[in-house]
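Listed below, chain by chain, are the residues.
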Amino acid sequence: MKNDDESFEEGLADRVASDWLDDSSTASPDHVTPDQKRRIADLLWIQGLLETTFQSPETLREHQIQRAMASIRDSGTASVVPATSSHNANHRSRSKWRQWTVWVTAAVLVLSVGIWLQSRDPRRQAFAAIERIREAASAPSDREYLVTLFPADANEIKSRPVEAQLFVRGGEAFVVKAPALLKSGDVWFGHDRNGAWFKPVIGPVLSGSGALLMQQRFMQGREQGAPFLQLTTVLERLSDAYRVTLLPDEVPDRGSLKAVATCQHLRAVVRPIKGLPDWLPGEIEIYAERETGTIIKMVLHLNSHEPNRLKRIQFDFIAQSQLPDDWYRPEGRSDSRTID
Amino acid sequence: MDAHDVFEILIREHADLLMVFIRSVVRDQTIADDVFQETLLVAWRRLPDYDRTRPFGPWLRGIAGNVILSAMRQNKRLLPIVDSELLDHLDSRCEQLARHRRGDTLPEKLEALRECVRALPEPYRAAIETRLNSVDGTSISIADQLGISLETLKKRLQRARVRLFDCLQRKLATAEVAP
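Just so you know, the protein sequences line up as chains R and L, in that order.
Mapping of the first sequence onto my numbering: residues 1 to 340, in sequence order.
Mapping of the second sequence onto my numbering: residues 1 to 179, in sequence order.
For the record, the hints were derived by calculation from the structure and aren't laboratory data.
Take these hints with a grain of salt, some might be off.
As the list claims (entries may be wrong) - Computed cross-link-like contacts, BS3-like style, restricted to lysine-lysine with a CA-CA straight-line distance of at most 27 angstroms: (1) L/K171 to L/K155; (2) R/K311 to R/K177; (3) R/K258 to R/K177; (4) R/K258 to R/K311; (5) L/K171 to R/K37; (6) L/K155 to R/K37.
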């Protein structure tokens with residue numbers, strides 16, 4: 001039979017455990033005895049057992065294990081190459097981030113939002129909003145975005161933001177129209193299920209069956225650290241890399257662009273998982289139409305504060321339209337001569 | 001079969017109890033997932049230090065304990081009372097379950113817990129089951145759902161856990177002495 005002291009100890013321990021488990025209170029008594037601490041541990045353990053037994057499906061555990069094993073295998077093979085490694089960051093010129101790989105990366109991020117923006121926990125409030133965004137992103141309609149690259153040292157005159165037009169259809173086709181780096185005029189990049197192509201200011205359209213061919217041909221190996229090749233692969237493994245929170249609805253600031261109605265506002269913050277590529281945006285803000293799930297504005301906050309590097313990539317929705325089928329093909333560009 | 005494969009087999013064998021250990025002191029599912037992931041990554045890096053004559057489960061949970069203590073320093077949502085002493089006790093409970101002769105897998109072993117839940121008085125069982133099936137998991141919504149006050153709900157949950165712990169201990173002890 002327990003004496004009064006033991007009963008008192010159990011009462012305090014039970015209350016601490018209960019307050020934490022059922023009130024989310026982290027208040028803690030000034031002093032607990034070793035017995036009280038063990039009692040608290042026992043009650044927490046029971047709750048942990050209950051949740052693992054009744055709440056945590058095997059599929060979730062399998063997913064967690066696979067995710068960890070993928071990270072472990074990657075860490076051993078160094079297959080994920082950061083786009084802008086610190087090793088050579090200081091030697092990069094401003095022109096580097098204006099090159100086409102950045103635009104392509106931006107395009108792929110929008111195209112693949114359905115891949116990397118996932119929520120596997122049905123209790124999250126953001127779940128429904130994410131599902132709508134994923135559906136809208138994979139729908140076979142044409143959407144046009146203004147993409148703006150903000151350099152880290154935006155105060156300098158030479159480092160003004162650079163803009164491009166991005167057209168996307170469904171989850172796989174895109175076209176980017178961007179200002180040429182050296183010549184006056186625009187360059188075009190495109191990609192659809194048939195492959196990728198590039199149209200310089202002067203000269204024929206260059207096309208290839210894949211990203212690797214394009215990189216070899218046009219970049220002459222200068223951009224080995226570019227994320228394009230790794231990006232789609234990496235994104236598939238990043239489905240849980242972000243913690244997504246649904247914030248109060250908000251009217252996004254669109255600057256001089258046409259104002260829009262109140263949007264759902266989501267914030268995705270990268271989790272502190274070791275082994276993630278360091279070029280991943282640390283935080284992503286998404287504003288989406290409540291009814292359709294169309295992304296109206298998306299801001300990728302990059303981690304770099306170094307000069308000559310990007311600080312932010314912003315996407316602003318311009319219009320939804322019906323573009324011709326060959327818009328995403330090299331044939332869709334006038335005066336196109338294709339070199340395979 | 002390379003080292004990755006062997007490690008994966010070991011992890012699969014111990015993942016459930018590892019998550020029990022983590023979820024016992026980490027309430028937030030996403031933080032628990034992060035701790036789980038980080039534990040496996042650290043375990044992989046430290047695998048050469050693992051003494052093969054010792055059981056793998058406690059070694060893995062020892063790493064998880066360090067990850068949890070590290071996470072606690074950064075996150076105030078974790079219970080401040082959690083320390084190495086409390087974690088050691090939790091580990092001993094997990095090991096007690098792992099050694100338990102009833103069933104080969106954790107789900108089989110946990111059948112004893114299911115039996116204990118089924119044996120709870122109805123108000124306690126309803127409180128526990130509603131809590132586990134709750135979508136948002138807040139006590140207020142669970143109390144509303146059950147049509148009871150928040151204080152009553154907390155009392156029922158608290159007493160239910162005490163009964164479940166005592167019941168499970170009895171069953172584990174009975175199985176240990178069974179022929």
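Structure-based check of all given hints:
{"no.": "1", "hint": "L/K171 to L/K155", "verdict": "holds, 24 angstroms"}
{"no.": "2", "hint": "R/K311 to R/K177", "verdict": "holds, 21 angstroms"}
{"no.": "3", "hint": "R/K258 to R/K177", "verdict": "holds, 21 angstroms"}
{"no.": "4", "hint": "R/K258 to R/K311", "verdict": "holds, 25 angstroms"}
{"no.": "5", "hint": "L/K171 to R/K37", "verdict": "holds, 23 angstroms"}
{"no.": "6", "hint": "L/K155 to R/K37", "verdict": "holds, 20 angstroms"}
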